[in-house]
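A.B. asks: Spelled out, the chains give:
2 protein chains.
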Amino acid sequence: MSRVLNFSAGPSAIPLAVLERAQAEFTNYHGLGFSIMEVSHRGKVFEELHNNAIAKLKSFYNIGDDYAVLFLQGGATLQFAQIPMNIYTGGVAEYVNTGVWTQKAIKEAKIQNINYKVIASSEDTKFDHIPNFNFSDDADYGYICSNNTIYGTQYATLPSPKCPLVVDSSSDLLSREIDFKAHNIGLFYGGAQKNAGPAGITIVIVKKDLAARVKDSVPTPLRYTTQIEANSLANTPPTFGIYMFDLVLDWIKDQGGLNAINAVNEQKAAALYELIDNSDFYKAFAKPGSRSLMNVSFATPSAELDGAFVKLAEQNGMIGLKGHRILGGLRASIYNAVTQQSVQTLCEFMKEFQRTHG
Amino acid sequence: MSRVLNFSAGPSAIPLAVLERAQAEFTNYHGLGFSIMEVSHRGKVFEELHNNAIAKLKSFYNIGDDYAVLFLQGGATLQFAQIPMNIYTGGVAEYVNTGVWTQKAIKEAKIQNINYKVIASSEDTKFDHIPNFNFSDDADYGYICSNNTIYGTQYATLPSPKCPLVVDSSSDLLSREIDFKAHNIGLFYGGAQKNAGPAGITIVIVKKDLAARVKDSVPTPLRYTTQIEANSLANTPPTFGIYMFDLVLDWIKDQGGLNAINAVNEQKAAALYELIDNSDFYKAFAKPGSRSLMNVSFATPSAELDGAFVKLAEQNGMIGLKGHRILGGLRASIYNAVTQQSVQTLCEFMKEFQRTHG
Chain H
1 MSRVLNFSAG PSAIPLAVLE RAQAEFTNYH GLGFSIMEVS HRGKVFEELH NNAIAKLKSF
61 YNIGDDYAVL FLQGGATLQF AQIPMNIYTG GVAEYVNTGV WTQKAIKEAK IQNINYKVIA
121 SSEDTKFDHI PNFNFSDDAD YGYICSNNTI YGTQYATLPS PKCPLVVDSS SDLLSREIDF
181 KAHNIGLFYG GAQKNAGPAG ITIVIVKKDL AARVKDSVPT PLRYTTQIEA NSLANTPPTF
241 GIYMFDLVLD WIKDQGGLNA INAVNEQKAA ALYELIDNSD FYKAFAKPGS RSLMNVSFAT
301 PSAELDGAFV KLAEQNGMIG LKGHRILGGL RASIYNAVTQ QSVQTLCEFM KEFQRTHG
Chain P
1 MSRVLNFSAG PSAIPLAVLE RAQAEFTNYH GLGFSIMEVS HRGKVFEELH NNAIAKLKSF
61 YNIGDDYAVL FLQGGATLQF AQIPMNIYTG GVAEYVNTGV WTQKAIKEAK IQNINYKVIA
121 SSEDTKFDHI PNFNFSDDAD YGYICSNNTI YGTQYATLPS PKCPLVVDSS SDLLSREIDF
181 KAHNIGLFYG GAQKNAGPAG ITIVIVKKDL AARVKDSVPT PLRYTTQIEA NSLANTPPTF
241 GIYMFDLVLD WIKDQGGLNA INAVNEQKAA ALYELIDNSD FYKAFAKPGS RSLMNVSFAT
301 PSAELDGAFV KLAEQNGMIG LKGHRILGGL RASIYNAVTQ QSVQTLCEFM KEFQRTHG
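Chains as they are written, first to last, in full-length UniProt numbering: chain H, 1 to 358; chain P, 1 to 358.
Don't read these hints as lab results, they were simulated from the structure. Beta carbons: idealized from backbone N, C-alpha and C, even for Gly.
What the simulated footprint calls covered on chain P by chain H, stretch by stretch (three residues with Cβ under 8 Å from a Cβ of chain H suffice, anywhere in the stretch; the number is not a length): (1) 6-16; (2) 22-31; (3) 75-84; (4) 105-112; (5) 219-228; (6) 315-325.
Turn these sequences into a full structure, and let the hints guide you.
C.D. replies: Put into structure tokens, the structure is as follows:
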């Protein structure tokens, strides 16, 4: 079988060019006689790759040396605990609840026994939009999830609080430019497995002065400062994941950078939302103004038809279209690696499905 | 350049057959049209692979359903903190200090503010041997590191205490059979990056009744019970690492299993130690009786000659032979994936180096 069209929510599609490059040098990196997986993270070869990846990411987000880029493990899930452990200082931590992933973050804040406050939520409408809110100027930090994979909602623009902003960007990492200064970002993080490579590497961009808040009672491996001081090499990092992440960064550059990527993402999403909105068959879940460019959650008129849609799509070489079990329905995840051509093929399939099943 | 002979301490050599199989299906797993990296950890395809890997590992170690096999992240380093967090119950935790990795584990026990005791240490002779000791019957747990990468020491046999035994097996994982019942093993773990695949996956085998000791105040992602209940899928696991680990398990089976692997490891180590012991030029660091089958730490008569050795070895296609910065000298890491032929080539090089530089 040739390659399928992959609309999975995560782990998800990786650019074919990236996969093919990794495949070509899988047993012999740069002709050096070893796989990049097989050598020390402290050796020259890996260290150069590692530092280049950091430099490229800092350049994409236009951030300076007041920020540290860390390649960690444990996913967003571990960050939910690490964040209050590291940057809570005894004031109030403010959270905006936009779905399962912020709920999990709030749960860990509670377990950490900190003074946290949920200042806004869209739970009463099943998280179909991003609520309005203002973080307190003097909060220890304000916490948001910029894209909510399950519901298909996304902040059109990030807030710009006076307190440090913490952003879980797991599912829209590297999908658009972000002005870290304008939004007063203190901590910006995400698992790689949606837009940035394979699962098992967590990208954390943290302001060094924020990381310095940590207390000595925090376990050494869970302090950002431990990894800042060691350039993420305090212990063996997920070297192959970092290598793949670096290839993805090169690929983004080849596409013209984050603005060019974002323009394509807008076109892909617009094609799907227009088709859905102009149809009396499909219905989008997320409210206009809060709609994600990464995950389009929608449904046919019935669960039965949703099931038939998923099955027929698979027969036509399109996978990953089943909605999350919490929401049901359908979902097309159209991360950076999903091409406009793939989205076009999906749109044609959707029209044909409506014609034959509507 | 063809493939080098790789004596790196970790990340380290992976069997070429494993690399080549992963390479062949890198963009198209089992002809399904996607990379194994690109699909959901909750989908049928990955789930089957994941469960097969668990079953194979349980079969190698001959363990039953009283143990859970978890694929975690964060390396041994995170385990140093997770272990006291999860299984300390207010008694005394006993540690045996055999080098840097147990020192780090002890440091985290201290940060966790538990009642711990270092009951034996070989620090006064720079960790050149495994000390004698007996764990208290009623200790919360007894902690050892079964192989000490830096110094090249290894427990010839594991202790068999009455208290639950915790084993950091990061650098001799899957190198020999272990009788979990005889040694009363409660927790057995290791990063994959030496004997079991790429960095970024931590194999944890934990007795379920031990894991059940955890308190509600422990962060959810750091509880073993969280991952036991979710079959390691509480959050996205390092899917590609698990895939590679599974291929390594198949490769071990192809070699005849752990006993066959161990027999080869004994021959490889014997060849090196005999050459060293019969020479008046090379000197082994570890004392007989405590010598590692995984890492042979040795030295020439001078730091200058050590440097010349490393350089000339590299020119002859052998990498990773520089000793750890703490110990200096030389080190040949001869994990499962290093062939007898590679060790033979190294032995010949060593004889020739002695002839020309001795």
